[in-house]
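A.B. asks: Letter by letter, the chains look like this.
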Amino acid sequence: MKMVVAVIQPYMLDNIREALSDAGVHGMTAMDVKGFGRQKGHTEVYRSSEYVVYFLPKVKLEIAVSDDQVEQVVKVISTTANTGKIGDGKIFVLPLEQATRIRTGEKGEEAL
Amino acid sequence: MIQILKRNVVLFLLLAPAPAFADTLDSGDTAWVLVSTALVLFMTIPGLSLFYAGLVRSKNVLSVLMQCFSITCLASLIWLFFGYSLSFGDGGSMNAFIGGTSNFLLMDVTREALSGTIPETVFVMFQLTFAIITPALVIGAFAERIKFSAMMLFTLFWMLLVYFPICHQVWGGGWLAEMGLLDFAGGTVVHMTAGVGALVAALVLGSRNGFGKINMSPHNLTMSVTGAGMLWVGWFGFNAGSAVAASADAGMAMLVTHISAATASLTWMFLEWMKSGKPSVLGIVTGMVAGLGSITPASGFVGPIGALVIGIFAGAICFTVTNFMKRTLKVDDSLDVFPVHGIGGALGTVLLAVFIADSFGGAGYSEGMTLSSQLKVQLTGVIFVAVWTAVATFISLKLASIFTSTRVSGEAEEKGLDVTEHEEKGYIL
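Here the protein sequences come in this chain order: F and C. Okay, so the first sequence: first residue is 1 according to the numbering used here, each after it adds one. Okay, so the second sequence: first residue is 1 according to the numbering used here, each after it adds one.
Hints in this document: simulated from the structure, not taken from any laboratory. From the three backbone atoms N, C-alpha and C, an ideal C-beta is built for every residue, glycine too. Incorrect hints may appear among the rest.
[To be verified] One-sided excerpt, in silico: chain F residues whose CB lies under 8 Å from chain C: (1) D32; (2) V33; (3) F36; (4) V53.
[What the hints assert, rightly or not] One side of the interface only, derived from the structure: several residues of chain C facing chain F at Cβ under 10 Å: (5) K59; (6) F97; (7) G210; (8) G212; (9) K213; (10) I214; (11) S217; (12) N220; (13) M223; (14) R327.
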């Protein structure tokens, strides 16, 4: 099992959820985070006062998947969230040791 | 027969002009000034309060609301004790510069006393609302870094050394009034004093930590725009109410106030659109304030064309000076009180000399005055008020600092004034 962690643009969340649903993934966790990669250091102005912005709002998605789903999930997120501009985000894949469904006690891939 | 006689007598008395030898209470005038008083108080609580509060960072939202509210209360009591007396009383040998203290605790203001055609109590209240909003405007300069106790003390000294003297000199029978300075609703008394006072305070206190580097953008523009709407509406009481009568002057004042507000708003919006690529809501409401501040001194004297021109100048010049102050001079007058109110008020006070001419639809020059003589008077007034305010504000800050440090510590500034000065949070989400 793997945990796919994706940091994406907030406005992409619904598109990704839909695309993943079409691909057979029906569970995920989303959280509001702040972050930057190459998008850092841009200047914003309000009422002629300039300041440098580092942390930008992002959304982090965590999706627990079986090993054979990883490739497809990463591809779906990549394609959906891609705009070609700096700030699109990143996807990480982490090993997932154990999973349990709380209601039934099912373990392993059954719990995903 | 008797009935017809009675009716005719009654009709005659109703239609005949009121005797001119004594001012009597005019219910129309009184009603209007009562309403104006409420409108102007509304401008401070919550108009200006919301406008300013939305512009600061969320960790300081309560501090701004608290400052506006507490100034409302403090100024009211100071007015009661000696403010009204010093502003509008007879100062005897010092009357050129300041009134007297005989009306301490308003002891001469009886229930029946009249000020012109309205009860004196109403005049006292109406003027009080002006004395409230002026120090409240100043807080924009030192927002997000002033200590609450220092601000209260500063306000007390500032009102004594700046507001009451200037108010007296321009409206209370002092030398500026005698010289013929025209200031219908407070271009000098309110906006210039607040603007110059703010500039001095901002310079003395120094910039906020991280100014120019970190993000200090408004945390809640919806709040600011709400406040801005209240200010526009309330300003009708500020300007049209300054006619102190339900009169033709009041009507024209309301009209020109509105035109200037709308014009300056659009002017600022378009200039910003051209400069930064997008029209901003912060820009349009700031333009509005600039337009309203500029028309204030001229509101009873100019016509619609004058208001249009004043609005354009206000939007353009205040926009330029704001940019200059922030980007070039890098002065942290946090909420731009000086470029908007200070410059705006001065601008209107001077332009008044041009647009009062009846060829522009104005009220016409006073007896014996011309464009150049009125212009000279207006400029003299503007310069004098600026210099007096600057010096007296500096002194007020120094006096306050005898009792307490004026700026909060760096750590407190970082944590935010709401939690460090008031132990409260604005938003518990």
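A.B. asks: Have a go at the C/G212 hint: is there a Cβ in chain F nearer than 10 Å to its own Cβ?
C.D. replies: It holds, given that the least Cβ distance between C/G212 and chain F is near 7 Å, below 10 Å.
A.B. asks: Is the interface hint satisfied for C/K213? The criterion is a beta-carbon contact with chain F at less than 10 Å.
C.D. replies: holds (6 Å)
A.B. asks: Please verify that hint: C/G210, Cβ, nearest Cβ of chain F, below 10 Å or not.
C.D. replies: Hint on C/G210: holds, closest Cβ of chain F at ~8 Å, below 10 Å.
A.B. asks: Do the numbers back the hint for C/K59, that is, is its least Cβ distance to chain F under 10 Å?
C.D. replies: Nearest chain F Cβ about 16 Å off; hint violated.
A.B. asks: Is the shortest C-beta separation between F/V53 and chain C less than 8 Å?
C.D. replies: holds (6 Å)
A.B. asks: Does the closest beta carbon of chain F sit nearer than 10 Å to the beta carbon of C/S217?
C.D. replies: With a closest approach of 5 Å, the C/S217 hint holds.
A.B. asks: Should the hint that C/I214 touches chain F count as held when the rule is a Cβ pair under 10 Å?
C.D. replies: C/I214 check passes; min Cβ-Cβ to chain F is 6 Å, inside 10 Å.
A.B. asks: Are C/M223 and chain F close enough, Cβ to Cβ, to be under 10 Å, as the hint says?
C.D. replies: violated (15 Å)
A.B. asks: Min Cβ distance, F/F36 to chain C: is it shorter than 8 Å?
C.D. replies: Violated, about 13 Å.
A.B. asks: Hint check: is the beta carbon of F/V33 less than 8 Å from a beta carbon of chain C?
C.D. replies: violated (17 Å)
A.B. asks: Double-check F/D32 for me: the hint is only fine if its C-beta lies closer than 8 Å to a C-beta in chain C.
C.D. replies: violated (12 Å)
A.B. asks: Does C/F97 meet its interface restraint, that is, does its C-beta lie within less than 10 Å of any C-beta in chain F?
C.D. replies: Since the shortest Cβ distance to chain F is 37 Å, the answer is violated.
Comparing the model with each earlier hint shows violations of hints 1, 2, 3, 5, 6, 12, 13; every other hint is respected.
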